[in-house]
Amino acid sequence: MILPQLFLADLPSDAVLTPQLIRDACIAVKRNRANWLAHRRTQELVELIAFAAERWMQPDSGFRRIALEQGAAETGFSPATLGRGLDTLFRQLTVEGLQALLLQDLGDAQRLDGFAAPAAELRQGRLAFARGPEMLVHIAAGNLPNSALLSLVLGILTRSAQFMKLPRNGNLIPRLFAHSLADLEPKLGSCLELAVWTGGHDSLEAALFHEADCVTAQGSDETLQSIAPRLRPGCRWIPHGHRLSFGFIGSDQLSSFQAPRIAHRAAADITAWNQMGCLSPHVFYVEDRGSVSAEGFAEFLAGALAEREATEPRGPLPVEIAAEIAGRRSLHELRQAHHRVTREEAKTVPRGAFFEAPQAGTRVWASAESTDWTVVFEEDPRFRTSCLNRFVYVKPCRGLEDLLRHAEVVRGQISTLGTAVGESRLAEMVPMIAQWGITRICPIGKMQEPPTGWRHDGRPTLGDLVVWTDWETV
Amino acid sequence: MLQAWALRHSVSPSEDLTWDRIPAVPTEAFKENELTCIPESARTTVFHSSGTTGQKPSRHIHGPVSLRLYERSLRQGIVFRCGTRRFPELWSLTPSPEVAPHSSLAHMMGTLSLDPCPGPGRFWGRITPEGWEVDIEGLSTALTTLDRPILLCGTAFNFVHVLDAQPERRWGLPEGSVILETGGYKGRSRVLPRSELHWCLARRFGIPTRSILTEYGMSEMSSPGYSIPDAPEDHALIQFPPWTRTRVVSPETGRCVAQGEAGLLQICDLANLWSAMMIQTADLARCEDDGIRLIGRSPVAEPRGCSLMSPNPPAS
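So the protein lines, in turn, are chains A and B. Be aware that the first sequence starts at 1, since it is given in my numbering, and climbs by one per residue. Be aware that the second sequence starts at 1001, since it is given in my numbering, and climbs by one per residue.
Just to be clear, a hint being listed does not mean it is correct.
[Said to hold, decoys possible] In silico SDA-like pairs for lysine to any residue, Cα to Cα no more than 20 Å straight-line:
hint : chain 1 : residue 1 : chain 2 : residue 2
1    : B       : 1056      : A       : 360
2    : A       : 30        : A       : 8
3    : A       : 30        : A       : 185
4    : B       : 1056      : A       : 383
Simulated from the structure, these hints should not be mistaken for lab results.
Kindly produce the complete structure, drawing on both the sequences and the hints.
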């Protein structure tokens, strides 16, 4: 399958982009939007997106095949990891899923077509119409494709002309997705533009931001801070910074029957996107007093990760990232070796200045002859961020309050708390978790599978894109 | 602790034990442990690494004997690199060892300034609340009236401070002068690629680039390596003295990589008396015919995902 040259991103990598080229591309997609997209019905677009997603789920889909075959080299994910990651998104992009999103964010699924309202507003004699931005710009980052794909989907629902700036590494899959939409309906494809350059290119970005009515961006705080001042007044700004996630396993679930099952679900969360997403867990906190201890859970988790590795390998890493993992591992292994000896010595040798105080216990389980996966159990309950790529910490805690106290250092930077806690107990806990500032709570095993209606960083993803016109009829 | 570490790797002292089977201790371990067999009452000197503010520094503990061996290793090491020729007077941009008693770098400069260099040497560094600074005015004036060659030493950020403070100024060092930069920016100045730093130094101090050396050392080891003269490249080619051994291991398997392949640098330093002699650095390197090509701590270029990552190894 040879991709036609539809987008700027399809040009050879040595092609030179100019501000004029960016301006012209924006004008073209805006014109095409006015002609082909602005007046489409929501239902039509929903069905089109759902059909595109369904095609992507089929193993013989040409776009999927290219994504898995070539994407592995570009993104570093194994085809199995990549396939599972993409499917979690495409599975959600059904007619029902998209309608639920429209209803959730807009109150009525027809509000992008014309004035409409749910019953409560109708009773007050109020109707409202939601308008998407004419020109929607996305600054995509990193090589986790799902958020870029979802951004394009949302922009189609709002009938916006879209320009997506992609990074040098990790542009293949968004590009393939745009091609698949254009393949399905060329007129829709003509309302999209994608281009690749290294972030921070002032003149190109100035030309792009000048045309934008709304800009969404993903990236580090520094990247986001550098974009915001360059937007023109009135341009809406939807930044999503880097976040992290962790898990909590309640003592009520830590039976010798349940614990290995939870460990398998936790392993699914860790291996999804090789732990690099903002929804990926860095640490699992295991509550004391369960039949299985935190250390026991860590052992189960190591087994589950080893099993996963056999069917869904992590894939090779650049040497500098592997070095980071190796360095951390050996430090923790040294602590483990030291702890064991000092614990034994403490029993037999009188303590004194010459003997160091035993450190808190550490145990390491790791893939042999590779950095594929690592589980580190630490008695020390202080929160630790992981170096990712399937490197996870397991720590004990005395309960939810204790857990939140330890996570205080990353407060405000948390996306998701994965939980394995009994239903009624969890219902008592969630108000405290929400008040503390965590924006998503989900079962362990589903951390990397947010539904389409997920409020990214606690904000409505579709709702944030639109502007309302209220019509008070009485 | 080292015994436990060795046992974990199924290694114990025996006649057929070779150096490359000794498990390496990560340099990070020096931050959380006192890796020494010297009893507290016999400890005379502790060197601290110059880590980023707020981080726990590495500690390398010495008694009188180990310190003497360290000093001897420093002296023999530079003689090994530069030969037994007459060394010029040493001027250091670091503070003196009296002012910075816990700095192994200042101690190294102090040691070399007395032997093999003709003492006492001059130290242009001072300690301020922001960290080490160079008395640039004083140094600049002294350099203009200099009539004999010197060995001018300092960290990379020391030199950048000097270059940036007086951007128009050129100091012609007398013939035979040598510059020794020890790398390291610690976030204290803008970062220049090594080749650019050497070209700037050569131009501004009026010496050929072959007279500029890079030193590779750290508080955790006692035998620094020195660059061999080459066209200034971004990655120095380092040779270590004969009482050390080096190997480059794959971070994946822990085994030696093929020549030319990148991996983690491990150094076996016999001068690390009563401490850990087999050290695993956090630096990437490649083995080449003439030495170790130091790639350094290549920062992970762009974040590959959207998760926050901790930039530093985990502190205890």
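Tested hints:
| no. | hint | in the structure |
| --- | --- | --- |
| 1 | B:1056 with A:360 | 18 Å, holds |
| 2 | A:30 with A:8 | 16 Å, holds |
| 3 | A:30 with A:185 | 17 Å, holds |
| 4 | B:1056 with A:383 | 18 Å, holds |
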